[in-house]
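Same order as they appear, the protein sequences are chains P and H. Those letters in the first sequence? Residues 1 to 233, by this note's numbering. Those letters in the second sequence? Residues 1 to 233, by this note's numbering.
Honestly, the hints are just simulated from the structure, not real lab data. Backbone N, C-alpha and C define an ideal beta-carbon position, used for all residues, glycine too. Take these hints with a grain of salt, some might be off.
In silico DSSO-like links for lysine-lysine, alpha-carbon gap of 30 Å or less [to be verified]:
#, chain 1, residue 1, chain 2, residue 2
1, H, Lys17, H, Lys144
2, H, Lys153, H, Lys17
3, P, Lys233, P, Lys220
4, P, Lys17, P, Lys157
5, H, Lys154, P, Lys154
6, P, Lys154, P, Lys233
7, H, Lys51, P, Lys157
8, H, Lys153, P, Lys154
9, P, Lys233, H, Lys157
10, H, Lys157, P, Lys153
11, P, Lys144, P, Lys51
12, P, Lys51, P, Lys80
13, H, Lys144, P, Lys233
14, P, Lys154, H, Lys17
15, H, Lys153, H, Lys223
16, P, Lys17, H, Lys233
17, P, Lys153, H, Lys51
18, H, Lys80, H, Lys144
19, H, Lys216, H, Lys154
20, H, Lys80, H, Lys51
21, P, Lys144, H, Lys157
22, H, Lys153, P, Lys153
23, H, Lys223, P, Lys157
24, H, Lys80, P, Lys157
Covered by chain H, per the in silico footprint, the following chain P stretches (three or more residues, Cβ under 8 Å) [unchecked claim]:
#, segment
25, 51-63
26, 66-74
27, 92-99
28, 128-140
29, 202-215
Partial pick of chain H residues on the chain P-facing surface, computed with a CB cut under 10 Å [stated by the list, open to error]:
#, residue
30, Glu170
31, Val210
32, Ser211
There are 2 protein chains.
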Amino acid sequence: MNRLYLIPSDIGSDPMKVIPAATLEHIAHIGVFVVENVRSARRFLSAAGLKGHIDGLEFHELSEHTTAAAVEALLPLFGKGDVGLVTEAGLPAVADPGAPLVALCHAHGIPVVPLTGPSSLMLALMASGLNGQEFAFVGYLPAKTAERRAAIKKIEKDSSARRQTQIFIETPYRNDALLEDLVGGLNPGTMLCIAADLTLESETIITLPVSAWRRKAGFKIGKRPCVFLILAK
Amino acid sequence: MNRLYLIPSDIGSDPMKVIPAATLEHIAHIGVFVVENVRSARRFLSAAGLKGHIDGLEFHELSEHTTAAAVEALLPLFGKGDVGLVTEAGLPAVADPGAPLVALCHAHGIPVVPLTGPSSLMLALMASGLNGQEFAFVGYLPAKTAERRAAIKKIEKDSSARRQTQIFIETPYRNDALLEDLVGGLNPGTMLCIAADLTLESETIITLPVSAWRRKAGFKIGKRPCVFLILAK
Numbered sequence: 001m002n003r004l005y006l007i008p009s010d011i012g013s014d015p016m017k018v019i020p021a022a023t024l025e026h027i028a029h030i031g032v033f034v035v036e037n038v039r040s041a042r043r044f045l046s047a048a049g050l051k052g053h054i055d056g057l058e059f060h061e062l063s064e065h066t067t068a069a070a071v072e073a074l075l076p077l078f079g080k081g082d083v084g085l086v087t088e089a090g091l092p093a094v095a096d097p098g099a100p101l102v103a104l105c106h107a108h109g110i111p112v113v114p115l116t117g118p119s120s121l122m123l124a125l126m127a128s129g130l131n132g133q134e135f136a137f138v139g140y141l142p143a144k145t146a147e148r149r150a151a152i153k154k155i156e157k158d159s160s161a162r163r164q165t166q167i168f169i170e171t172p173y174r175n176d177a178l179l180e181d182l183v184g185g186l187n188p189g190t191m192l193c194i195a196a197d198l199t200l201e202s203e204t205i206i207t208l209p210v211s212a213w214r215r216k217a218g219f220k221i222g223k224r225p226c227v228f229l230i231l232a233k
Numbered sequence: 001m002n003r004l005y006l007i008p009s010d011i012g013s014d015p016m017k018v019i020p021a022a023t024l025e026h027i028a029h030i031g032v033f034v035v036e037n038v039r040s041a042r043r044f045l046s047a048a049g050l051k052g053h054i055d056g057l058e059f060h061e062l063s064e065h066t067t068a069a070a071v072e073a074l075l076p077l078f079g080k081g082d083v084g085l086v087t088e089a090g091l092p093a094v095a096d097p098g099a100p101l102v103a104l105c106h107a108h109g110i111p112v113v114p115l116t117g118p119s120s121l122m123l124a125l126m127a128s129g130l131n132g133q134e135f136a137f138v139g140y141l142p143a144k145t146a147e148r149r150a151a152i153k154k155i156e157k158d159s160s161a162r163r164q165t166q167i168f169i170e171t172p173y174r175n176d177a178l179l180e181d182l183v184g185g186l187n188p189g190t191m192l193c194i195a196a197d198l199t200l201e202s203e204t205i206i207t208l209p210v211s212a213w214r215r216k217a218g219f220k221i222g223k224r225p226c227v228f229l230i231l232a233k
């Protein structure tokens, strides 16, 4: 029975350094890939040991805009052999597209094999020092200022009521606007962690109470991939 | 400045297969380890390339029972060199001890470096086909039957209200009792995934609506490490 392999990609560093041997070995035997973006998937697979073999591979695109019918149309691929799912950075189907294809496989009895690789959310959570026994990932906060500020108060309340670390992300060019709203809107005793450029030389991970963030007024994250985490009292 | 390296361990398979090169390289240069259990950490580090060098390493234990004062007493270790944190299986400080040591490092300006390795929670989530855009990890459900059944209804309600995949774990010998309560207590349309023996040959990942689980009455997980996930309508 052919399978769907869920293949994590690097989050900015050398794939040969952060993708383990078992994952690299599976990549090497797969001929058909469903990917978020063909160009970057080719670049990743090439750097992950397939350099020189890319032209013999078959690629199909799947993004968050792919319709249910178009996902269903991928089913015949499993008649050809094993299929690999690769998204833009990190884990397929976690804060990234792919879940509808995985669900389709379950519905048709096609085995799904998740492989190990970097997860920016888990790297950020383990390095935050915040509660790793209970946590929630809430995705992106609203882009509009008033709604974003209301969402910040809501997740702080949830964090406090449930003792959950609340994890969220932002489009990089809005990182510093979000940081400003967090530092301005959260309670002084709430812990706030920012984790930027994970796995890179420029990795920056800072956890401080909001009261201490207020004394770091000049600090900018910049347009770097960043995970935000809060834990309220 | 010496650092705290957060070192994921394998979750049952060969460390050389699931721990990436960057993580193995960091392990090789660290002389002082804070570990959940010395015996199993030695076994892991030996299999992760330190065979023959274990006797020259220094080990200190840290578990969920370690007091705040005992965690604080680990601070002088950072005067000796880099320190590695290793827990029983998977990621330190995520559904495992370690967060108080990480928090102590942040409070003292000691850089924290999270390394890549297997996370049973993320492997289960990506392979579940359930919502990976919003999810919550709620730890262990209560052991007592009545409380556990009430907790199941509560997380189903939360899942429905927040469109969150709810992730939880159980002590392996209670897996099948929990599965029975889930299949009996959840709504027929709620999706239930079990992910057992992740990264092993015997890996079993099944996602079905509760109505279909009810027709699999003979199915047993057994005493295998298992992650449970639900997504309610």
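Results for each hint:
1. Our distance criterion of 30 Å between C-alpha atoms is broken by Lys17 (chain H) and Lys144 (chain H), whose separation comes to about 39 Å.
2. Taking the CA atoms of Lys153 (chain H) and Lys17 (chain H), the gap is about 39 Å. The hint is violated against a cut of 30 Å.
3. With a CA separation close to 25 Å, the supplied pair Lys233 (chain P) and Lys220 (chain P) stays within the 30 Å bound.
4. Of the pairs offered as hints, the one joining Lys17 (chain P) and Lys157 (chain P) is violated, with about 39 Å between alpha carbons and a cut-off of 30 Å exceeded.
5. Taking the CA atoms of Lys154 (chain H) and Lys154 (chain P), the gap is about 19 Å. The hint holds against a cut of 30 Å.
6. Note on Lys154 (chain P) and Lys233 (chain P): the hinted pairing holds, with a Cα-Cα distance of about 14 Å set against a maximum of 30 Å.
7. At roughly 48 Å between alpha-carbon atoms, Lys51 (chain H) and Lys157 (chain P) are farther apart than 30 Å, so this suggested pair is violated.
8. Restraint check for Lys153 (chain H) and Lys154 (chain P): the C-alpha separation of about 23 Å stays at or below 30 Å, so the hint holds.
9. Between Lys233 (chain P) and Lys157 (chain H) the CA atoms are separated by roughly 24 Å; this keeps the pair inside 30 Å, and the hint holds.
10. For the given pair, Lys157 (chain H) sits about 22 Å from Lys153 (chain P) by alpha-carbon distance, which is consistent with the 30 Å threshold.
11. Straight-line distance between C-alpha atoms of Lys144 (chain P) and Lys51 (chain P) comes to about 43 Å, which puts the hinted pair past the 30 Å bound.
12. The hinted pair formed by Lys51 (chain P) and Lys80 (chain P) meets the criterion: a straight-line CA distance of about 22 Å does not exceed 30 Å.
13. For the given pair, Lys144 (chain H) sits about 28 Å from Lys233 (chain P) by alpha-carbon distance, which is consistent with the 30 Å threshold.
14. For the given pair, Lys154 (chain P) sits about 42 Å from Lys17 (chain H) by alpha-carbon distance, which is inconsistent with the 30 Å threshold.
15. Restraint check for Lys153 (chain H) and Lys223 (chain H): satisfied, since their Cα atoms lie roughly 24 Å apart, inside the 30 Å limit.
16. Among the hinted pairs, Lys17 (chain P) with Lys233 (chain H) is inconsistent with the structure: their alpha-carbon atoms are about 40 Å apart, more than 30 Å.
17. Taken as a hint, the Lys153 (chain P) and Lys51 (chain H) pair is broken in the structure, with Cα atoms around 51 Å apart against an allowance of 30 Å.
18. Our distance criterion of 30 Å between C-alpha atoms is broken by Lys80 (chain H) and Lys144 (chain H), whose separation comes to about 46 Å.
19. Taken as a hint, the Lys216 (chain H) and Lys154 (chain H) pair is honoured in the structure, with Cα atoms around 24 Å apart against an allowance of 30 Å.
20. Of the pairs offered as hints, the one joining Lys80 (chain H) and Lys51 (chain H) holds, with about 22 Å between alpha carbons and a cut-off of 30 Å not exceeded.
21. A C-alpha spacing of about 28 Å is found between Lys144 (chain P) and Lys157 (chain H), which places the hinted pair at or below 30 Å, so the restraint holds.
22. Taking the CA atoms of Lys153 (chain H) and Lys153 (chain P), the gap is near 26 Å; set against the 30 Å cutoff, the hint holds.
23. With a C-alpha separation of about 37 Å, the suggested pair Lys223 (chain H) and Lys157 (chain P) falls outside the 30 Å cut-off, and the hint is violated.
24. For a cut-off of 30 Å, the pair hint linking Lys80 (chain H) to Lys157 (chain P) is broken: about 41 Å separates their Cα positions.
25. Proximity of the segment 51-63 of chain P to chain H, defined as three or more residues with a beta carbon under 8 Å from a beta carbon of that chain, is not established by the 0 residues found.
26. Figure legend: the segment 66-74 of chain P, annotated as covered by chain H; annotation inconsistent (0 residues with Cβ-Cβ distances under 8 Å, at least 3 required).
27. Under the rule that three or more residues need a Cβ within less than 8 Å of chain H, the assignment of the segment 92-99 of chain P holds, with 7 such residues.
28. Here the segment 128-140 of chain P counts 12 residues with a CB under 8 Å from a CB of chain H, which clears the bar of 3, and the coverage holds.
29. Against chain H, the segment 202-215 of chain P contributes 5 residues with a C-beta closer than 8 Å to a partner C-beta. That satisfies the three-residue criterion, and the hint holds.
30. The criterion of a C-beta within 10 Å of any C-beta in chain P is not met by Glu170 (chain H), whose closest approach is roughly 14 Å, and the hint is violated.
31. The beta carbon of Val210 (chain H) is not positioned within 10 Å of any beta carbon in chain P (closest approach about 14 Å), and the interface hint is therefore violated.
32. Below 10 Å, beta-carbon pairs count as interface contacts, and Ser211 (chain H) has none with chain P, the closest being about 13 Å; its hint is therefore violated.
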